[in-house]
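Sequence order for the protein chains is U and Z.
For what it's worth, this note's numbering labels the leading residue of the first sequence as 1, then goes sequentially.
For what it's worth, this note's numbering labels the leading residue of the second sequence as 1, then goes sequentially.
These are calculated hints, taken from the structure and not from any lab test.
Careful: at least some of the hints might be erroneous.
[As the list claims (entries may be wrong)] A few chain Z residues that face chain U, going by a derived Cβ cut-off under 7 Å, partial list only:
id	residue
1	Val162
2	Ser173
3	Gly217
4	Thr285
Backbone N, C-alpha and C define an ideal beta-carbon position, used for all residues, glycine too.
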Amino acid sequence: MTTGAATDSAGAPAPPPSAPPEAALGAVGWLRWGWRTLTSMRTALLLLLLLAVVAVPGSVLPQRSSAPDEVATWIEEHGRLGELVDRLGGFNVYSSPWFAAVYLLLFTSLVGCVIPRTRVHWKALRSRPPATPRRLERLPVHRSFVVDGPPEQVLGAAREQLRGFRVEAYPQSLAAERGYAKESANLLFHVALLLLLVTVAVGQLVGYTANKVVVEGGSFVNAAGQYDSVRSGARFDGDSLPPFKVTLDRLDVRYEQDGPRIGEPRRFDANVTWSHEAGTGSASVAPNHPLEIDGTKVFLTGNGYAPVFRVTDSTGTVVYEGPQPFLPRDTNMTSLGAVKAPSAAGGGLAFSGFFLPTATVDDVLGPISTYPDLVEPKVFLNAYRGAEDGRAAGSVFTLDTEGLDRVEVDGQPWLAQLAVGESATLPDGQGTIELLDVIRFANFQVSDTTGNGPTLAAAVLALVGLMGSLLLRRRRVWVRATPGDDGRTVVEVAGLGKGDADGLVAEVERVTDGLRTSPGTLDTHRTIEQERQ
Amino acid sequence: MSVAELSLDLVYAAMAVYALAMLCSFVELALGRPVPAAAAAPVPAQAAARRAAPAEGDLLTKERPPAAPAVPPAGPAPDSARWGRIAVSFTVVAALLHLAALVSRGIAATRAPWGNMYEFAVAGSFAAVAVFLVALRRWPIRLAGAVVVPFVLLVLGLAVTVLYTEPEELVPSLQSYWLVIHVAAAIVATGGFTLGAVLSAAHWWRTRTGDEKRLAGIAVPPAQRLDTWAYRVHVFTFPVWTFAVMAGAIWAENAWGRYWGWDPKETWALITWIVYAGYLHARATTGWRGWKSDAIALVGYAALMFNFIGVNVWLGGIHSGYAQV
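Use the sequences and the hints to build the structure in full.
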């Protein structure tokens with residue numbers, strides 16, 4: 001679990017041996033061996049790299065959680081291979097057992113590493129800096145020189161120079177260490193990662209995400225049964241949603257009007273009014289600007305057109321009147337949809353077709369939309385009979401034509417092409433359909449944010465720990481002052497970096513220079529510098 | 001001439017000067033020849049070098065062969081070195097033009113100039129040069145420029161030919177101050193990882209050839225120092241990348257209502273993070289320090305590049321499908 005810099009040239013706890021034990025050790029021995037192998041640095045590293053590898057297929061294959069349609073198409077196109085991939089969890093990679101196995105093993109290994117290291121670090125925090133080695137010249141950085149002042153004075157001055165270190169006095173020498181926080185930060189980082197895993201899991205369990213299509217003038221209430229779709233965790237409590245109501249007053253949309261990016265969206269702005277037991281208000285909901293009510297966020301995640309129809313049946317009764325959202329299929333808002341009038345006399349009526357905000361009839365492609373805004377709006381519809389149960393069957397956005405009779409004229413499908421204000425009459429007086437208007441709809445996503453705070457806190461702790469662990473430096477410095485033969489004092493300064501020894505030379509030289517220039521120890525003329533490496 | 005055209009002209013000017021820098025580096029490599037043995041008097045040179053630059057972290061450990069010169073020996077510099085220094089001067093001038101191009105692009109678009117692939121390529125390649133030049137002030141890694149500069153030239157070439165777009169107002173899903181924070185961190189990290197990859201590759205080469213081997217006659221820093229520098233660049237960059245991923249998650253929460261959705265871009269950012277975490281661990285694991293940790297760093301860089309190019313081109317996802325909102 002060490003992050004890089006924690007290698008210890010001076011002998012940290014030795015890595016646990018990973019050679020298999022003698023068979024004679026029995027089950028306990030094997031368990032111990034297994035645990036040691038799992039918690040070894042090498043295993044952790046391999047699991048880490050393995051985690052990177054097993055994350056790849058989920059980015060290459062379509063995933064059920066985000067693109068269920070694409071998954072179905074993929075399986076269809078690949079036949080047996082598609083089924084095999086499905087059985088192996090290839091379309092649910094991030095919730096698959098093998099993906100979970102890798103990260104759970106990794107986190108287990110992490111726990112097995114954090115606990116002993118915390119124990120070791122706890123001891124280190126309370127222990128004295130280790131006694132001065134007898135032969136300081138063997139250390140990576142070593143300086144030796146002679147000064148006039150007596151040894152006690154030199155060591156006194158050394159204490160001044162070693163501010164910020166934990167200093168321990170030994171006979172004729174000082175041992176100093178600093179940077180304990182590096183290991184504390186390292187442990188904090190890894191504990192925070194464990195915490196992150198827990199907070200994410202809890203957030204998933206209690207949270208929910210719901211979607212609702214709302215036409216201009218329409219509204220929705222925050223209740224599980226009111227949504228078009230709800231995705232929630234196992235511990236989600238559908239009865240405890242904060243009660244509020246959101247009404248979409250107007251959706252303002254602006255597209256790029258010319259140039260190479262013509263038709264690219266520039267602005268989506270849903271003007272809403274909301275009411276909650278705590279009060280009411282109006283707001284503008286746009287991408288990157290969700291509305292937050294009582295810990296719940298309302299996002300604008302989609303938009304489209306809702307043609308407003310009036311359908312009358314053969315008796316002249318209005319059997320349908322109102323807006324019907326048509327779902328966009330491309331960037332020019334070519335939209336598909338259906339209108340269902342199950343109560344129409346003579347066994348129900350239904351229409352299905354597409355809506356084009358800027359309709360152009362292309363010689364090859366037929367009618368297409370060439371711009372996403374309402375320039376030349378038109379609907380193209382076929383009609384079906386026998387849809388008494390049309391509303392119950394399937395979603396309101398599509399029409400399942402199986403079992404329905406297509407309305408035909410002279411053997412050709414009846415086709416209505418309507419601009420706003422136009423109407424079309426079905427053959428044999430079966431009824432009429434009129435396009436009254438076109439309004440917009442917005443797709444709102446409602447997300448619970450209760451789990452986000454702890455997750456963010458864990459992530460911030462991890463970042464703080466990571467920076468401390470990578471950027472702080474742990475090092476030891478020893479100063480020894482012994483009386484020399486000529487009555488002057490021989491001073492030795494030596495340093496040892498744990499892990500990354502960056503700046504160690506500078507640190508030792510700082511202490512050295514400080515001692516040589518400090519009053520009382522000042523070496524008048526005859527500085528002897530020895531550089532032994 | 002509009003500000004956008006000025007910006008593009010500045011990119012072309014920077015490319016021209018980078019090309020000069022690249023040529024000078026290549027001349028340095030072509031002219032480089034072994035220094036006569038007499039000039040390489042190791043012991044005094046070593047001491048002189050240490051006195052000259054004590055703060056540079058000239059750490060000499062026990063493992064290190066005592067005779068290995070830490071820096072090129074003193075004495076008359078080989079002719080080739082002059083070309084190397086000229087290359088650095090050209091690189092500095094080109095980087096200033098590059099920066100001016102970036103700033104003027106921002107003025108033309110009236111926003112942070114990293115809203116699309118063209119702008120990200122220009123900003124990211126600038127970050128790579130900037131990190132190289134900053135590191136060069138501390139460490140003698142001039143030869144790394146012979147790799148970084150041609151790479152930057154290649155990226156800019158692709159930017160002006162394949163990726164170029166006029167400055168446009170952003171699509172609504174990108175209209176957020178998190179764009180400034182998240183993408184800026186990603187750009188800095190891209191620059192840092194680029195230098196890290198070059199130094200790791202150099203270290204790998206060094207461990208295979210031995211510290212005495214010269215590159216086209218030019219002294220290359222010994223393996224141990226290359227390893228230290230590569231590690232330090234990665235140690236600086238890894239938290240920046242961590243921050244970029246976290247800022248991205250916060251932005252995603254604010255834009256799409258979920259902080260993590262396993263979108264291809266998110267997934268590959270995490271893969272990159274995990275691989276670089278593996279590099280840091282490998283450097284602390286017995287038996288993995290050396291060519292294996294170098295290889296992991298290079299795999300991390302490959303993942304980073306794939307996230308920038310491959311994911312946009314082949315994998316799509318919500319990061320590229322934002323126009324659908």
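Verification of the supplied hints:
| no. | hint | result |
| --- | --- | --- |
| 1 | Val162 | violated, 15 Å |
| 2 | Ser173 | holds, 5 Å |
| 3 | Gly217 | violated, 28 Å |
| 4 | Thr285 | holds, 5 Å |
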